Structures are given as structure tokens and as C-alpha cells.
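**Student:** Protein chains in written order, with the working numbering: chain A, 11 to 226; chain B, 2 to 1004; chain C, 210 to 657.
Please keep in mind that the hints were generated in silico from the structure rather than gathered at the bench. There may be inaccurate statements among the hints.
To be verified - Chain A is nowhere near these chain C residues, computed Cβ spacing over 12 Å in every case:
1) Gly324
2) Gln412
3) Ala443
4) Leu574
5) Val632
6) Arg644
Claimed, not checked - Residues from chain A that face chain C, not an exhaustive set, calculated with beta carbons under 10 Å:
7) Ile23
8) Val45
9) Ile50
10) Trp173
Just so it is clear, the structure is predicted and the values come from calculations on it, not from any experiment. We put the CB at the ideal spot given by N, CA and C, even for glycine.
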Amino acid sequence: MPALFSRSSNRTIRLTLAAAAAALVGIPLALMAWVRTPAITGQRSAPPQPIPFDHRIHVTGLQIDCRYCHSTAERSAPAGIPATTVCVPCHSQVWRDGPVFAPVRHSLATGRPIPWQRVNSLPDFVFFNHAIHVRKGVGCETCHGRVDRMARVEQAAPLTMSWCLDCHRGPERYLRPVEQVTTMGWQPPGGQAALGRELVRRYHVSRLTNCSACHR
Amino acid sequence: MTGDGRRCWRDLDELLDTPDFREALGREFPAGAAELADGMTRRSFVRLLGASIALAGVGGCFERPRERILPYVSEPPESTPGVARHYATSMSLGGFTTGLLVESHVGRPTKIEGNPDHPASLGAAGVYEQASILQLYDPERARTARLGRAKASGSEVAALLSPARLGAAVGASGAGLGLLLEPSASPLSAEMLRRVRERYPAARVHFYSPLGSHASDRASLTAFGRPLLPQYDFRSADVVLALDADFLAGGPFSLRYARDFADRRRIAAPTDGMNRLYVIEPGVSVTGGTADHRLRVRAVEVESLASAVLAAVIRQSNRPGMPGRQGIPDSVASVLRGVEPPPRHREWIDAVARDLTAHAGRTIVVAGERQPARVHVLAHLLNAALGNAGRTLRYIESPITEAGASSHELGPLVEAMRGGAVRALVVLGANPAYTAPADLDFGAALRRVPTTVYHGLYQNETARACHAFLPSLHYLESWADGRAWDGTASLVQPLIAPLYGGKTEAELLGALLGDAEASAHELLQDLWRGRMTGTDFAGAWDEALQRGVIAGTAAPETTPTWQWDAIGSVLSRSPPPADSSLELVLEQDPSVYDGRFANNVWLQELPDPLTKLTWGNAALLSPATAARLRVATGDVVALAYRGRTLRVPAFLLPGHADESVSLRLGYGRGAGDETLAEGVGANAYRLLTSDMRMFGGGLAVSPALGDDGAPLRDRLASTQTHWRLEGRPVALRATLDEYRRDPAFTAPQRGRVLSLYEPSPGGGDQWAMVVDLATCTGCSACVVACQAENNIPVVGKQGVLDGREMHWLRIDRYFEGSAEDPAVLMQPMLCQHCEKAPCEYVCPVSATLHSPDGLNEMVYNRCIGTRFCSNNCPYKVRRFNWFDYNAEVAETERMAKNPDVTVRGRGVMEKCTFCVQRIREAQIAAGIEGAATGEVRTACQQACPTRAITFGSLNDPDSDLVRRRAEPRRYAALHELGTEPRVQYLAAITNPNPELPRGDGGE
Amino acid sequence: MATAVSSGPAQLTDRLLAPAWTPSRVWWVLFGISGAGTLVLAGAVAYTVATGIGVWGNNIPVAWAYAIINFVWWIGIGHAGTFISAFLLLFHQRWRSSINRVAEAMTLFALVNAGLFPLLHLGRPWFFYWLIPYPTRMGVWPQFKSALPWDAAAVATYFTVSLLFWYLGLVPDLAAARDRAPGRTRRRVYGVFALGWRGSGRQWHQYRVAYLILAGLAAPLVISVHSIVSLDFAISQLPGWHSTIFPPYFVVGAIYSGFAMVLLLLIPIRRAFQLEDIITERHLDNMAKLLLAMAWMLIYSYVVETFMAWYSGNVYERYTYLVERPFGPYAWIFWGMLTANVVVPQLFWSRRLRVSAPVLFAASLLILAGMWTERFIIIVTSLNRGFLPSSWHFYVPTWVDWSILFGSVAFFFLLFFLFLRFVPMVAISELKQQRHEASTAASAVAAR
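Produce the complete structure using the sequences and hints provided.
**Tutor:** In C-alpha cells:
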């Protein structure tokens, strides 16, 4: 009676077993890595906007303060997306009739809002409040990145819970003086370590890691 | 789901283009409506819609749908996106208004609270007021007008009413014109009606409400020749006798009365005094449950007992050493001389009379609306004999338009309709086709009228029977005004542009006068321009809008002029023979009122304070009577009364009077657009007769048989199936004397329990709550408040039957003592926020754990739904989303959701959070200011009329909370378990009359 | 004598493998029935996952019911296999050889069923993996104070070990099947699973060592798994759950129901395949004795539980044990449970009944039902009347609950019938070895 299996089949079996073992460990690891990639977190994604609003020009070029447009950042949960009329004062002088500016004209004419695309989006069970973060010395840059260098605004941070907790568990590593909140590319004089501890004390910053701080 | 969301959005975008909206932009207030275009509102919605997906796991993992942000075109100055604002307005019910503060999130009213400046509210809000927000967003509200079968524009229907068209039909004098409204105290309506009467002198104007105050008005007409309204001051009353009067709940002024009454019941120390409440009533009302002594008698006997009390009082006043008889002439006194109480009640009556006379001048006798005029007259006399007038009560002219007049009777109008004298009938608001006494057969009479126009929120039974229909505006969309029970006038201002268009009552009456485009806003301003004190009208107007009351409009006290002859003759008319037959008692429903709220799911699912029934009514009777009739809870019985029969399930209610069956009105709604209400419960109006007596003898009860001849049974959805405490230390109670003898009687139920764990750290804010069982009446305002604040879903009748109701805060009702005459114990039960919480350590994923400020947190988005926490919760206050309860919520109803609270999806646990969203909001605000956390008030605390709920931080030494927690009668429910709850109770204290045996059958 | 020895094993092997080659009509019928039942299970599960566990009868306060009852029941049943294989092996109970294969298979299939329920009963089953300690993107971990993560771990471990143990035991027989199977394909299939077993002395030696080690690993698991499962209840403070006796109590109950299930399966097999000479009366007798022993340990637990409730003087404990269970709305289930678990096994005091297959079969059936209702009593009657009388509520299962219960039973038998069809159902090699040793011993005696 002929042999059931060829010699090679031993190796095949061994390899198969080895592969199975590897998959058992590898697949979960791969998944864990995958959910942390920008593909999933949306980090660095920059959705197209109805108007090619260029922060480089307005922030770096014209030195306009963030709060001129995002006016409620210090008062309310949302930082505030500027109303159409906010553009008008300047743009009644410059760039009035460019095709680029058509949506603004249309909005003013029809009284219908400009449909911006949301860039930084949190799940709906997360309650984030800009005002308190700004008042405790969390810089715009810390979460939104170098907006002054963005032609089209992109999501700078992964916005995962562990990313939030990273700061909530050790705020001293990220805080800056309130006066410097809107400064882009700010460097802590004399190093973050000392200053951070000082600011934590000065602003009564607590390590808020209880759930209802964000989930209600 | 997001798909729905977008559709929802398109609707609202369209809404932005409606004329109402453009008009609204121009108007003074509803600029807020413009904010409907704002991105944050949109975000809030997407949040609501998205949350359920997110929680359902889809969004929970990673993918997030791209959202649009729609900012303002030009930012309105008064609003900051993300910051809620409160506006004052007022709601009218039963003719009287209650002042409200309405929370608005960028143009979207989401929550109704009481207005502290308004005399009828003092900051509290009842179940009707709070649930009315859902009515605004009810998807089944009428959206368009109707002519015949065809849809029509509002103006077309208005044109129908124009003098040109109408005059032809009803004659120049309006002899053929009929107007049917609800009783109202609104100055604007009164003014408009006056003008209508000018234009059509012969018009028939009638007011109808099945629950109106007609009897008391007629009584005061008899007694004083004027429709006077007694204004009680319960703060200065030591002894109160309620003659079948539920003054603590459901009435036009009960929020205020409950507050005043509770102020005399809330005792900080055993040495404090307390008022005493006697109640004579057939069923068990909220007031009756609170009473120190309840005499359960059939409603028909109340009258004879009242006169017996009066007789006894007069007798005792004659004794030397007693204050004079307060000038009741012999002509009247002599009539009562012979009156004796029935032997079995003699002891009770005499004791009460002695107690009343002993406290003469510091007592109040209240007669119930349901009782006939004679009982109200007797109450007036008792108050006079006891010298209460001017001390504990004062009289004012009733603010109700044409109070007590014959125009408040429906009969004559229906006669005229049937006789063909009415050529055109306009019905405003009321729903007579449903609520009119059955023997009037309003429907048939209506068919005899050539032109009928209905004006209301819904296409209900009456609307269906009318030729033309014109939607009215919800009060949150309208400009109007009204007067409170004490005459205080307040304005009604819109919180949002009309969702579907329509007209207010004033605007419709305007159309009747030829001004088809009348604007309520202008009419209102024109009216008050003349009436507001002060030269600067604009200023006065703004102040009236801001404060929610018009200064100095409370009605002045008037001294009554007694019509002794009339009174004498009324009294001498021998009372109807109190036959011993079975009686039927009809009563206002604590949830759906007269049926107008029957389409409101919050109210349908709100447990009745006493029976804990939801989604329907039942024939309530005492265990003894039930035994005699051989019926058990759930058996369907046929109630045969004055030639009509009604099938309704029976329900045994301990403490109910024997030989009496009480039945709540407002259920069994007929065919109409209100599909939710349709067929829920039985229509008690079918047993209401045109004499408008809400009760009477001669009722026959028999078990109802099915077609197969088998007795029928029905499943009653009650949220509490077990009534006894089983001797467990949960709801504690003592009499005042016991409390004084042993102030520490709750000591075994408080203090630290031996524990291996460290006591929890107590820095910063440490939130806690104290609930005073002595002042909790069980009115359930807190339950609705919680539901509105925390986006709590409803589960429907089947859900309740399955034991899946979602209320975070429930009111447990226990009966102590005999089943025949028990004492009633109300205990609000909510998450106790245990410091050693059993739910926390069993959760495998830490979805529920403790916050540094002492909250037991529930993290919906972390919960995977093992339900272990609920199993281990000794208080069973955790609720589980067995299905996606928000899936069926209509798009408009989503607008009522609170954007500060996550909408829970399927499969997660939820429970009371101590309104954590309010706490965090306050802490963030404080953090921004760099100040200490300000006062935080939970929704339930805010709504409570009796201030039974106190909330605050344990580390705030001069807070009410700390003070009340120091009271000797404090205790923790199930203390011995060592859960160390942050919610603690103050044991109920009653003040029984030592002369009388305890009502609860001893112990 | 020698001939007998040489011919015996071969015949034996063929006899025991025969059913694998030629399925009877009966097999197809049973296969069809259990298959249909499995479809019902699949339908009910799909419906539940799609709609929400609201389709079950659960409510507040009875937040756990059938799913958890079934889970505990199946896990319990899953104990006998490993107990028989591991313990009896370690204690050199040779009679185990003829039944351990069936028992181990039964264990696996019971565990497969048991594993279904903890996932299914979750409100959001798609997040079950949050029970596993791994570095999440949320930066949070499971809570190890709760018994549930341990529970998941314990069950998973137990399943893995049982699987290995079973498979290892199979290897020589698979080889036998490989060598005897008709047709090349079957031979190849069995060949793959036989992992190139040749039966050389070296292989046998390593095989025995590995088998012994696994037995050593498995034995403590028998104790640990159900102890941990019992903690799902014992760590709560609910009267009826809050009890220190739970771990041993649960383990005993588990083995009790396990043996009952083994008997329930063995007796028909013994009959169907005429294995009376392999699964002898001695086996039945021993099993019955074990049942009796377990029953008494269980009775002890019942007594202690109830006594403690009374002795504690705690009103809630007393109510649950002395009022709710014996006289409450579910009293009839309680008394039925006692009859099945306490009265029935007393039959086994008589040897005649111990060796009577019909009696044993009926008894095991009753005991299995009894053990299911025991879990019903423990879970439902503790929850439905807790501390606050205001929250007391009745529990009624829905048709979905029933279909899932019966569906899972059908699924169990489906797997079992497949096992009978494709895997040697008796540990042939062990049997042969024993017989060989026996006969050599006999011949040695004869020689002297």
C-alpha cells in the first residue's frame, strides 16, 4: 500500500502549525496597531472646505488673534466658528469680488450659513469645553497643532481617549501661561518641568481623570 | 439614523424659510429662533442622534461620519452658542396661570422650570407644566388648517370667520353665532370677547371645562352675591380640614399651597410645632395620603359630615371660654342646631370640631371642587365661625371671566344648537365632543350646526366633527397673558417660532372681528399699554417679560357681604338622602388632567401617586367592597350608572372608602390625530351627566364577561406591585409625640458601619442629598423633572408590565397598617450614591465608579451591559436599555432632548447622576472665574413644590444640606448594609390628634 | 491464549471503529433532529442580537435569568469529562478508560454551549473584548475586582486545556482510524489529525508523559472554574448569593450534573453499539455511587445554606431562604428541584437500581433537570424579591428564552452525534493496553 503522505508533508504540517501560532499572537497585535493609525483616528486628515481659507495668511501673515474669529473659546464650550459677517470688515476692502469669496457673498445675500466641514470631531458622548481648557493654560497649539502653518486646517491630534488622558494624568507637561495660550510655536522659558509644576499650582489644575469630567 | 438626522434637518431648514420665521426675525423676542440655523444647535442634534449610534457601537469603535458646521450669518447679540438661557413665560391650565422659566438651548426650549417670582410657582413646577414641553414637539400636533376634507391655509379658514362671511350666516347681531371657550382669566381674551360681544351683541358665548371651578363660584355667588375666590394662607394655619379637597396637587394654585403647607410641616427640631391635617374623602388623594387623619367616607356623605362639623363648631363656640361664634346669625345657626353626625363618625367629628375651635383663627377649611355648592357654602361658614377670614384666608374677586355666570354652563348652548338656533359655532381649545356629559350628546347637537370651526392643537374628537379646523399655537410659541389664582397677571412670550404655523386664541378672535392678520403681539401690547403702571411702557413691558409677572396686579382683598337669607335657605333645603347604595366618583387624573395630555408619553407613563398605575385608568375600590362584589385587581367590571355602562378593570386601593368606586377622567380617548392616546384606558366621561355632579349613588358593578361568557381580565401596568414594608427599615415614620419622646429613634439607621475600607476622602465639593419624607406628598413633579432633564425614554405599557420602566427617580409608596385604613408613606427613591457602592466593584469594565466629589458615576459609553451592577444594587435604582428606546422618538421630539446629557443607546445601564451635567457646568463656570463652585440644584430639587429635596456639598458648612443632615430624624435607607449612601432621608413625622385613634389602624 | 491476545485487539478496534465507517439510518434521523434544533438556536440568537436582549423575559430586578442559568448549567455539565479523565487517571481508576472519551467530548461540547451565553447576555455583545486585559486606545483596563473578567479567563483556559487533553488522548486512535479507514481521502484526513503517530515505543513514552502532565494541569481547573463562576454570585451582597459556601457548593453541583449527563449519553450508546462488555455494569455501578456521593455533598450545602440564613438572624436572608424560596411564587420549582436533586439519587442505595440502565437513565434525566432548576432558584428567586419591597417584580421567560435553551441542547447533541460519527468514541488504545496487561497477568498466573 502506497504511503499516505509524501516526505514534504511533515514540513508542511509543521509550518502550518507555526503559522497558526503566529496568527494567534500577530492578528490581535496588528489590530491594536491599526486602530491607532491616522487611517482610523483621522489624524492629519484635512477635509476640503467651501472656501480655501488659509490660516497661514491670517495668522502668520496678518497676525490676527485666534479669538478674533473663534470668539467664544474663552466663554463657552465651543470655540465658535465665525459668523459670515465677521469676514466682512476686512473683506469689504480686500478680496471683495474674487471667485474664491463667492460663498461668503452668497451667504450674505441669502442669509444662509457657509457649510464648513468639521475637522476636529469628538464622539457624541464626549463633552469638551474650550473655555475651561483655555483658562487653565492649555494652548490652542497643544491640541490643534501649528494652525499658523496650515493652508487647509487638518486634525492635528489623534483625539483618542488615551491622548486626552495623557494630559489629564500629567497636565504639568503641557500647560503654558494663559497669556501664551494663542501663541504658536511657544517654547517654555527654562523648561516645561519647573514651569509646569508652577502653573499647576497657580491655576489650581487638578488631575481630572474621573469619567464624568468628560462623559455625562 | 444620521439619515433621519439629516431629514430632520431639512425640515428645519425649510422651517427657516417659512413666513413665520422671517416675521419672527423681525419680532422682539424670537430672534432666538434664528439660532436654529446655528451650528451648535445642529451639533447638539447630531449629538443626540449620533449618541445612540455611538453607544450602539458603530461610532463607538472608530469611524466618525463627517459633520457640517453651520455658523451664524450674523451673530445675535443675546446668545452664546453652547450656553443655555432661561426665559420667563407662563402656562394656563384650568383658567389660571403658573409662572415658568424655560431653559432654551440656542433657540430650542428644552426644559420647563418654575418662576421663583411668580406667586403660583415660587420656583416649583408641576407635572403638567413640565410635561407640556413634549406637547410642543408632539409630532401628532395639527400642522395645517382644514376646510371640509381638504387641507387649507390658515387665512382661508380665518376668512370663513370674517364678519363679511360670518355676518351673513349668523345675522348682524350674531344671534346665530356660538362661541365655546375654556374658562380663562386672561385679560386679553376677556378684552377680545368684550369686542366680539360688541360686534355681535346676541352671540352665545359659553365656557366649558369638566374640571372648572363652577360649583365654588356658584357657592360664593349664593353666599356673597359675588364670585369670590378664597385665598388660603397655609403658613398661618395650625389645623386644616379638607372636605374632599386635594389642594396639595393638581389644582391651579396647589404648587403654592403645597409650599405653604409644607413650611408648617418641616420641623428642624423635635421642639418645633407642626400643623395638623384632617381630610374627609372617598378615594385616596395626594392630600389624603399626607393627612394626619383621614376619614374615608363616600363622597355623598361629605356634605352631611361638613354640616355636622359646622354644627359641632357652633355648639362648642357657644361654650364659655370659647371665642365668640364669629357672628353667624341665629337664622343660620338654628338651621344647623339639630344636625348630628352619624354615630359611627361622631367621635371623629367632635374631636375635629374641638381641635378647630381650640385653634380658632388659625385654621382653614377647604372644600373640594368636585363637591356641590352647599359644601362650599358650609366651608365658607366654617371659616367664618372659626374667625379665619382675614387671618388665614382672604377673599378676592375671581379673576375668571364671567365667573359663576350662566355662560359657564354648557346645557343652554347645546339646547340652542339642537334647536337650530346656532348657525355657526366656533370652538376654541376645549374638546367638548369628548369631555361633554354623555347625556348632552354634544356630537349630535354639533351636526345640527351648519358652520363649525375648531381651533386647537390637535385634530381631536371635536375637530374631526367640525367642518373647518385651524391649528392653534402652543403657549411656548404664542404671545398671550393670563392671571394666576390670586389674580397676578403675567405675560406669555414665545420661546420659539411656530413649528407649524397657526393662530393664538386672541388672533382667532381678532379674525372674528375682521382683522384676519391680527398679531397677538400687537394686541397684547395695545392692551397692556393702557394698563401697565408707570409712564415708560417699554421699560415696564421688558420688566414684565424678564420677571414673568406684571407688578402690582395681584387682586385686592375684598370683604365679603354675607347673604344670610340665601345661605339659610340653601342650608335649610334638606340634604339629599344619603342612600347607602354604591356610588361612583369621577376625578381629575394626576397625569393626563382632563384628557388633554393623553397624547403625552411622559404623563401616560408617569405612575399615579397612589395606585402607581401607568397607561390607563381603573375602577378604584376598597378591598372590603371588592370582596363583597367578588372582584380582584385586574378583573374587568361593567359600571352601570344612570343608564350607561362602562367597562373598566378594577383595582383594589387600600384606604379607599367602602361602597364607593372612583374613576379617573381623561382616558379612553376617541378617534383623532392623537393616536398614542387613542383607546388607552376607559372613557369616564361616558358616565358624566349634565348636572355636572362628579359623583352620585346608584352605581351597579358586575363582572364583565367576554363573548365566550368567561369573565374578562385586563393587565394593569403598575410600577409597584408590592405595598408592604415587611418591617424593613426603609421608609421610617413616627408621630410628633414619639419623635419628641425619642428624638434619636432613627439612630440605629445612621452613622458609620464597621468596614475594612477607608472612609472616602472628603476634599473639595462632596455632593449629597437629603430627602424629607415629612413633606414629600408624592406629587411626582420630581419624576417628570428628572425625565425632562436627563433625556429619559419611555417604554410603553408593555414595557412597564415587563418591569422595565426607566425613571431614574421613582416614588415608592407604602401602605402601613390595615389594608382598610392604612397610613400612606411616600419615599422618593433614586441612586443613593453610596460611598461604598455595591454596583461599582462588580462591574468588569469599570463603567460605574466613584468620582472624587462623591458621585457614583455611570459611563454609558464604557458599559457593555452585564447588568451585574443592577443585581448588586440593594435599592434597585438602576435602569437598563433593553431595546434602543430612542429609535422611535420622532424627529420633532428629539428637539426636546437636553444637549448636555448623552442619549443612551441600546444595551447600556443608566441611573440617577445627581444631574452631573449641572454640577460640571457649575464647576467649569467657577473654574473660569477662579471661584468656588456656586449653588447646584438638581432637577428634582428644583421642581419640588414642598422643598422636600435638599442638595449640596457636605463641605459647605452653612448650606441647607449640612443643616438638614444634622437633624436628629436623619437616616440612611438599608443603613446596615454599610453602603453609606450620600442620599439620606429625614423620617416622616405625622401630627395625629391624641384624642383620636391612629388612622392607620395602630401599631 | 496467544491467538486470543493477537486476534482480540484487532477485532476490538474494528468493532469500535465500525460506526465511524457506516452511519446507521438512526444516526441520520438524530442528526437531522438536532440539526433542526440548532437552526432554532441560530435564529433565536440572531433575533436577540439584532433586536436587543429585551426580547427575553429579563427585567429590573431580575436582570439575569435564562442566559446565566444556561451558562452555569452547561459549565457544570462540562466538569465531568475532565474530572473523569484527569482525577480518575491520577487516582489510577482504570475503569475510566471505557468512558473517558465520551466524557471528554461531552465536556468540550458543553463548554462550547456555555461559552455562547456570557457573550449573548451582554447588552452590547460586540464589546465583549473589553473584558480582556489588553492595552486599549482608551487607556483603560478591565476591573479585576469583579469576578467577570476572571470568569472569562477561567472558562477560556478550561476550554483550551480540555481540548488539548481530549485531542492528545485521541491521537493514537486517530492513527488506528487512519490505518483502517476505507478510502484514501479518509485515511489522509485521519492521517493529518494523527500527526504522524506510529506507535513507536519512544512516541508512547512521550505520549504518556504529556498526557500525565496535562492531567495534572486539568485537575485543578476542575475545581477552579466553577469556583470562579460561583464568585459571579458570591461576591455580591444579595441574599441568596452572598454566601461563602458557594465555591465548593457549585463545584459539587457541577460534577453531579456532569456525571448525570455522562450516564445519559453512555447508556444509549452502550445499548446501540452493544458495548455491554466494554461499558460494563461495574461502570454503571461506580457512576451511580459517585452520583450518590455528590448528591449528599449537595444536600449538605443546601442544609448549611438554609441553616446559615436562619442563624444569621438577617431579615433579608431569612426572607429569601425561609419564605421566598419555599413558599414564594416559584415554590413549586423549588420543591421540584429538591425532589430531583435530593430524593431521586437515594435510589442508588440499592445495588439493583445502580446497575439498572433504565433507572439510571431516568434518574440522570431528572437530575439534569433538577440542576437546571437549582440555578433558576439561585438566580431568579434571589433577584425577584430583593431588599426593597417596592422593587419586587415577577419574572416570566419568553419564547426566545425557551428556544435558546432547547436550541443549545440540540446544538450539544448535534456536536455529539458528529463526534460519534467521525471520532473513535472509546479510548481504544488504552483499552487494548489494559486488556493486554490483564491477559499477560493471567497468562503469568497460568504459567506458574
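**Student:** Does each hint hold? Answer for all of them.
**Tutor:** Now the hints, each set against the structure:
Remark: the non-interface label on C:Gly324 is consistent with the geometry, its nearest Cβ contact in chain A lying 17 Å away (cut-off 12 Å). Every CB of chain A lies more than 12 Å from the CB of C:Gln412, the least distance being 14 Å, so the non-interface label holds. Look at C:Ala443: its CB is around 28 Å from the nearest CB on chain A, clear of 12 Å, so calling it non-interface holds up. Every C-beta of chain A lies more than 12 Å from that of C:Leu574, the closest at about 40 Å, which supports listing it as non-interface.
Once the 12 Å rule is applied to beta carbons, C:Val632 is consistent with being away from chain A; the minimum gap is 19 Å. Against the 12 Å criterion, C:Arg644 stays outside the reach of chain A, whose nearest CB is about 27 Å from its own CB. The closest approach between the C-beta of A:Ile23 and any C-beta of chain C is roughly 7 Å, which is under the 10 Å cut-off, so the hint is satisfied. The restraint placing A:Val45 at the interface with chain C holds, with a minimum CB-CB distance near 5 Å, inside the 10 Å limit.
Hint status for A:Ile50: holds, given a least beta-carbon distance of 9 Å to chain C, under 10 Å. With 10 Å as the threshold, the beta carbon of A:Trp173 comes within range of chain C, its nearest partner Cβ sitting at about 8 Å, so the hint holds.
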